[in-house]
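Chemist: Here is what each chain is made of, one letter per residue.
Protein chains: 2
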Amino acid sequence: MTRTARAYTNIALIKYWGKKNKQLKLPYTNSLSLTLDRFYTDTLATTIDNDKDIITLNDQLLNDAESKRIRNYLDTVRQMYSFDEHFQIKTTNHVPTSAGFASSASGFAALAGAINETKQLNLDKKQLSILARNGSGSASRSIYGGFVEWNAGFDNESSFAVPIDETPDIDLTLLSVVINQHSKKVSSTVGMENSVKTSPFYSNWVTLVSSEIKEIKQAIAQKDLQKIGEISEHNAMSMHALTLSANPSFTYFAPETIRIIQLIKEIRQKGIFAYATIDAGPNVKIICTKESIQRVQTYIEQQLSNVTTVVANIGHGIEYI
Amino acid sequence: MTRTARAYTNIALIKYWGKKNKQLKLPYTNSLSLTLDRFYTDTLATTIDNDKDIITLNDQLLNDAESKRIRNYLDTVRQMYSFDEHFQIKTTNHVPTSAGFASSASGFAALAGAINETKQLNLDKKQLSILARNGSGSASRSIYGGFVEWNAGFDNESSFAVPIDETPDIDLTLLSVVINQHSKKVSSTVGMENSVKTSPFYSNWVTLVSSEIKEIKQAIAQKDLQKIGEISEHNAMSMHALTLSANPSFTYFAPETIRIIQLIKEIRQKGIFAYATIDAGPNVKIICTKESIQRVQTYIEQQLSNVTTVVANIGHGIEYI
Chain A
1 MTRTARAYTN
11 IALIKYWGKK
21 NKQLKLPYTN
31 SLSLTLDRFY
41 TDTLATTIDN
51 DKDIITLNDQ
61 LLNDAESKRI
71 RNYLDTVRQM
81 YSFDEHFQIK
91 TTNHVPTSAG
101 FASSASGFAA
111 LAGAINETKQ
121 LNLDKKQLSI
131 LARNGSGSAS
141 RSIYGGFVEW
151 NAGFDNESSF
161 AVPIDETPDI
171 DLTLLSVVIN
181 QHSKKVSSTV
191 GMENSVKTSP
201 FYSNWVTLVS
211 SEIKEIKQAI
221 AQKDLQKIGE
231 ISEHNAMSMH
241 ALTLSANPSF
251 TYFAPETIRI
261 IQLIKEIRQK
271 GIFAYATIDA
281 GPNVKIICTK
291 ESIQRVQTYI
301 EQQLSNVTTV
311 VANIGHGIEY
321 I
Chain B
1 MTRTARAYTN
11 IALIKYWGKK
21 NKQLKLPYTN
31 SLSLTLDRFY
41 TDTLATTIDN
51 DKDIITLNDQ
61 LLNDAESKRI
71 RNYLDTVRQM
81 YSFDEHFQIK
91 TTNHVPTSAG
101 FASSASGFAA
111 LAGAINETKQ
121 LNLDKKQLSI
131 LARNGSGSAS
141 RSIYGGFVEW
151 NAGFDNESSF
161 AVPIDETPDI
171 DLTLLSVVIN
181 QHSKKVSSTV
191 GMENSVKTSP
201 FYSNWVTLVS
211 SEIKEIKQAI
221 AQKDLQKIGE
231 ISEHNAMSMH
241 ALTLSANPSF
251 TYFAPETIRI
261 IQLIKEIRQK
271 GIFAYATIDA
281 GPNVKIICTK
291 ESIQRVQTYI
301 EQQLSNVTTV
311 VANIGHGIEY
321 I
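Just so you know, the sequences run in chain order A and B.
As numbered in UniProt numbering, residues 1 to 321 make up the first sequence, in order.
As numbered in UniProt numbering, residues 1 to 321 make up the second sequence, in order.
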């Protein structure tokens, strides 16, 4: 009986921003994330006697254009593990757009897990992380729970995630603040590429990440919440400084993003624990403690009418159900 | 008969951001500005038989706290030129806060001119620029009209502005968009200091300015408006990337600043000439042509209700009236 693979989304505290190798999705730097418990993707793969993959997402059959990225990925997987079969892929995505998280991390991690399961590849987690990375860089980290580091590596075999602490006994929780506004978006792939090619600050970013990874790992080991918050916020803002200094300049910030950053500063001035992290979009994730999250959520919701907030806690790695 | 010195404000197209020497106000990099015609400061200095300077601003006598920076500056001037007299300083500032420009550039340039006049120091413009720089770095540039470069130098005598083209025959005009919102402000002095000390990108900024100064001077010589706009916008955004990447991160942007940046992109997509430059505050200055400025102003005013816009053209250097 083939089982369904379930993988959770993750939030990068030290960001992945820039590919050294587009084809293999090898990054310029390591990155470090926290796997979350609330948002996940369930994927079941079964081999079929067909010369084309059949893919359904949330019970809807995807057409050629919609399924192209997944079919290309399956071609890569077939090549990597030297087999020919095609698949029926049934994916259910429990990462609502309205929660402000990208679904590619949990999506490609679950897909890698599903192929591993149905083809009985018996991959260990390192191999699974490599397989997931070939779909989406950040998916490499969703193989593990808790704090996870993705080692940049230098080729397909050396670029994979490792667990830092899968079940950390640490009082962190995340508030996702979603801005109810649709703006034209620069995809993270394009945004990364423009930053690498044109930001005069990119070389300094590579050096920065290397030192902030070391610092945050030390802070995690020491359960130093404030340090974790400070490093995460600084790293995220520095990533956004790369987009601002790209040529031409661009930003993922919406007006409301600046407002939320201002509110987080106000909250912190009241002695309440709250630090910002922001991915390639206008939404803000606020790193909180179990003590602070209620007050942070209330404050944000009182000050801003056009946002939705969602709470997520530390989650675990890929599982089969 | 002692004359009044009149100096105009200027807008930096290549920003001054970071002091190598605080006392002497020596910058880390050159900067390049455009002197404007609409906003200026008139200052009359007369020697008085008193052991303290008496300073009035817009006919109001300044108290000790309010006049401290000016009195300290006058002490520096007395030391530089080895004299003892104190002054009555009458300053009229025609740089309304509501126009979104800092008055320190025109203010200290006019004050330097007024002392030169009343003490009959017969300073040439280079010496006058050095004298103004000792009051406020950007004042060094307000001695000249048109495009002006401030050479960073390495000591008091070598750090002064030079004219690039005092009366450029070039179709540029500026729209200042002032956000009607008072937010707690990080002064530019503190903002610079934090950026220099804590932004991991500062060393790359120094290199960037050096190449953008060369490029914009070439563009000015060739009257290449688009290049001037592009370089100016990129340089300004890169300066703001330094604040975002400072540790702790900060920004001069207000929510409306992001909105105006978005609108400028929309305007440009319609084929209308408009580029942004932003100083140490939330207001945006839009670099326009005589052809585009009316449409830019209308577009901004239609989209945003809570802003004030002001037009300024290319202005000339210090004069005596």
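Hints should not be assumed to be uniformly reliable.
Claimed, not checked - Label pairs and their calculated CB-CB ranges:
id	chain 1	residue 1	chain 2	residue 2	range
1	B	K185	A	D37	38 to 44 Å
2	B	A221	A	E193	40 to 46 Å
3	B	Q226	A	D124	54 to 60 Å
4	B	S305	A	K125	29 to 35 Å
5	B	A221	A	K270	33 to 39 Å
6	B	S305	A	I321	51 to 57 Å
7	A	N306	B	N50	58 to 64 Å
8	B	F154	A	E193	51 to 57 Å
9	B	G271	A	I54	30 to 36 Å
10	B	E193	A	S211	17 to 23 Å
Calculated directly from the structure, the hints in this document are not laboratory data.
If you're wondering where the values come from, they're calculated on a predicted model, not measured in any experiment.
For each residue, glycine too, the CB sits at the ideal point set by N, CA and C.
Chemist: Each of the hints needs a verdict: does it hold here or not?
Modeler: Cross-check of the supplied hints:
no.: 1; hint: B:K185 with A:D37: 38 to 44 Å; result: holds, 41 Å
no.: 2; hint: B:A221 with A:E193: 40 to 46 Å; result: violated, 33 Å
no.: 3; hint: B:Q226 with A:D124: 54 to 60 Å; result: holds, 55 Å
no.: 4; hint: B:S305 with A:K125: 29 to 35 Å; result: violated, 55 Å
no.: 5; hint: B:A221 with A:K270: 33 to 39 Å; result: violated, 54 Å
no.: 6; hint: B:S305 with A:I321: 51 to 57 Å; result: holds, 53 Å
no.: 7; hint: A:N306 with B:N50: 58 to 64 Å; result: holds, 60 Å
no.: 8; hint: B:F154 with A:E193: 51 to 57 Å; result: violated, 39 Å
no.: 9; hint: B:G271 with A:I54: 30 to 36 Å; result: violated, 46 Å
no.: 10; hint: B:E193 with A:S211: 17 to 23 Å; result: holds, 22 Å
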